[in-house]
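Novice: Sequence:
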Amino acid sequence: MEGAKRLLDLLRIHGLLNGVKLGILLALYHIDGYVTFTDLQRALDLPKSSLHEFLDDMSRVGLVEYRRAITDLGVRAVVKITDKGREVVKQYVELVKGAAL
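In case it helps, this note's numbering puts the sequence shown at residues 53 to 153.
Since the hints were derived computationally from the structure, they do not count as laboratory data.
Every value quoted in this text rests on a predicted model; they were computed, and no experiment measured them.
Be aware that one or more of the hints could be misleading.
Claimed, not checked - With beta-carbon atoms standing in for the labels, derived distance ranges: (1) 150 / 108: 25 to 33 Å; (2) 54 / 94: 34 to 42 Å; (3) 71 / 146: 16 to 24 Å; (4) 60 / 121: 34 to 42 Å; (5) 60 / 127: 36 to 44 Å.
Virtual Cβ for every residue (Gly too), placed ideally from N, Cα, C.
Start from the sequences, fold in the hints, and give me the full structure.
Specialist: As structure tokens, this is what we get:
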């Protein structure tokens, strides 16, 4: 039971009680470098407005970097998980493994 409490505390502290935000972070964890907003939106099949709001929230707490960048296709919104975001995912995985034992 202690493991479940620690897991919920981790998610609450980082604003990830919303399962969609956690899913976004997990998806970004497996992408090396930046991904365009459009590619992420298509992969996750989320409305643009919802994804934008989620990424803004996650950027404010330092889990992702969400900005405009010049790409081969011109200026695009790009997203990348931060070191803090990677650490949160690692902690999440460890707590889930521990809770499953």
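Novice: State for each hint whether it applies.
Specialist: For each hint, the structure was consulted:
1. 150 / 108: 25 to 33 Å: Holds, since residue 150 and residue 108 (Cβ atoms, about 32 Å apart) stay within the stated range.
2. 54 / 94: 34 to 42 Å: For residue 54 and residue 94 the Cβ distance comes to about 40 Å; the hint holds.
3. 71 / 146: 16 to 24 Å: Since the Cβ atoms of residue 71 and residue 146 sit about 19 Å apart, the hinted range of 16 to 24 Å holds.
4. 60 / 121: 34 to 42 Å: With a Cβ separation near 35 Å, residue 60 and residue 121 satisfy 34 to 42 Å, so the hint holds.
5. 60 / 127: 36 to 44 Å: Distance hint for residue 60, residue 127 holds at roughly 39 Å.
The structure shown violates none of the earlier numbered hints.
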